[in-house]
Amino acid sequence: MNQYKMAIIGPREAILGFKALGLEPVYATEPKEAVEHLYSLRREKVDVEGESISKYAILFIMEELARDVTAEDYKKLSSEPLPAIIPLPGHLGTTGYGLQKLKAIVEKAVGMDILS
Amino acid sequence: MAILNINPTRMALLGLKKKIASAKRGHKLLKDKQDGLMQKFMEIIREAKKIREEVEERLGSAFKNFIRAGSLMSEEFVEGALLYSTAKTELTVKTKNVMSVRIPQFKLETSGDVITYGYLQTSGELDMSLQSFQDVFPLLIQLAEIEKSAEALADELEKTRRRVNALEYRMIPDLEDTIKFIQMKLGEMERGSIINTMVVKAKIEAQAQ
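If you read the sequences in order, they're chains A and B.
When we follow the working numbering, the leftmost residue of the first sequence carries the number 1, and every step to the right adds one.
When we follow the working numbering, the leftmost residue of the second sequence carries the number 1, and every step to the right adds one.
Just chain A, same shape as in the assembly:
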């Protein structure tokens, strides 16, 4: 059984609260920055019993940053089972990005949108 870490990517003022919960805050205000952080966080590995596993299990990212991550980047980032990259709605309220992503997943799997 391994211990994993979680990280949250977003603007400083929004994610400070999550720091108190024990998540690792990674500050980014620009989508470009966020993507770079995602790549470097994903690359971080730790050695456990001779096996190299991903250090982070979950990477939360603010929706307004996640929205501008290109599909290509996203595909590369989520190719492995861990870490999971989860967009969260920010203080501005939801942008609907999360549900949109779910819909895309359904469409990929079933062939049409059956959620609505």
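What the hints contain is simulated information worked out from the structure, not anything from laboratory work.
Yeah, the Cβ is synthetic: ideal placement off N, Cα and C, and Gly gets one too.
Hints are not guaranteed to be accurate.
[Claimed, not checked] Ranges between beta-carbon positions, derived for each pair:
id	chain 1	residue 1	chain 2	residue 2	range
1	A	Glu36	B	Ala166	35 to 43 Å
2	A	Arg43	B	Lys94	17 to 25 Å
3	B	Ser22	A	Tyr39	41 to 49 Å
4	B	Lys88	A	Arg12	18 to 26 Å
5	B	Ser22	A	Arg12	54 to 62 Å
6	B	Glu79	A	Tyr39	43 to 51 Å
7	B	Gly60	A	Asp73	22 to 30 Å
8	A	Ser52	B	Glu57	55 to 63 Å
[What the hints assert, rightly or not] Chain A regions said to be covered by chain B (calculated; three or more residues, Cβ under 8 Å):
id	stretch
9	24 to 30
10	54 to 66
[What the hints assert, rightly or not] What the simulated footprint calls covered on chain A by chain B, stretch by stretch (three residues with Cβ under 8 Å from a Cβ of chain B suffice, anywhere in the stretch; the number is not a length):
id	stretch
11	8 to 17
12	102 to 109
Got chain A; can you put chain B on it based on the hints?
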């Protein structure tokens, strides 16, 4: 359908027959896998939507409180107050195998308290927002688990569907056509050789008379 580029011989026919048998078996297995994946996916996806909607609602209000707290207090105070947090989160991950798709299962253990600062210099909004953050947190983990699973399943479903379709609409009909073609060709050759012998026999008989 296309006929494969192959010599119409008995050997090739035997090979093709073996190939079509395994293709059909593979097709059946993949189809079963697809059904299994779809069943699992349907279970998960509605729940994912429900959790996602709940998270969006609750996190929105938590953020509002936090921003309000940040506006009432100076940033140094907020950060200072949060520095003393004794909250620890431990996340353990197990992977479960569903139809050869590895899906993660997160287990969260939290200990300690988030609110460990003096109440004098901090505002009530901060307490409220931190409390609500802490309340939503398990839900976030659940969301992460379920969304990642749905994503992995969707990926695998797409791949499997492609394979099933390739077998069903391309490989198996092609093989069937080729087998039929070879059988016809062989029959034709057989008839041809019978006619040949008949002609030769008739000529010999005609010479003997």
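Tested hints:
{"no.": "1", "hint": "A:Glu36 to B:Ala166: 35 to 43 Å", "result": "38 Å, holds"}
{"no.": "2", "hint": "A:Arg43 to B:Lys94: 17 to 25 Å", "result": "23 Å, holds"}
{"no.": "3", "hint": "B:Ser22 to A:Tyr39: 41 to 49 Å", "result": "42 Å, holds"}
{"no.": "4", "hint": "B:Lys88 to A:Arg12: 18 to 26 Å", "result": "23 Å, holds"}
{"no.": "5", "hint": "B:Ser22 to A:Arg12: 54 to 62 Å", "result": "59 Å, holds"}
{"no.": "6", "hint": "B:Glu79 to A:Tyr39: 43 to 51 Å", "result": "27 Å, violated"}
{"no.": "7", "hint": "B:Gly60 to A:Asp73: 22 to 30 Å", "result": "26 Å, holds"}
{"no.": "8", "hint": "A:Ser52 to B:Glu57: 55 to 63 Å", "result": "39 Å, violated"}
{"no.": "9", "hint": "24 to 30", "result": "violated (count 0)"}
{"no.": "10", "hint": "54 to 66", "result": "holds (count 3)"}
{"no.": "11", "hint": "8 to 17", "result": "holds (count 4)"}
{"no.": "12", "hint": "102 to 109", "result": "holds (count 5)"}
Hint compliance for this structure: hints 6, 8, 9 are broken, all remaining hints hold.
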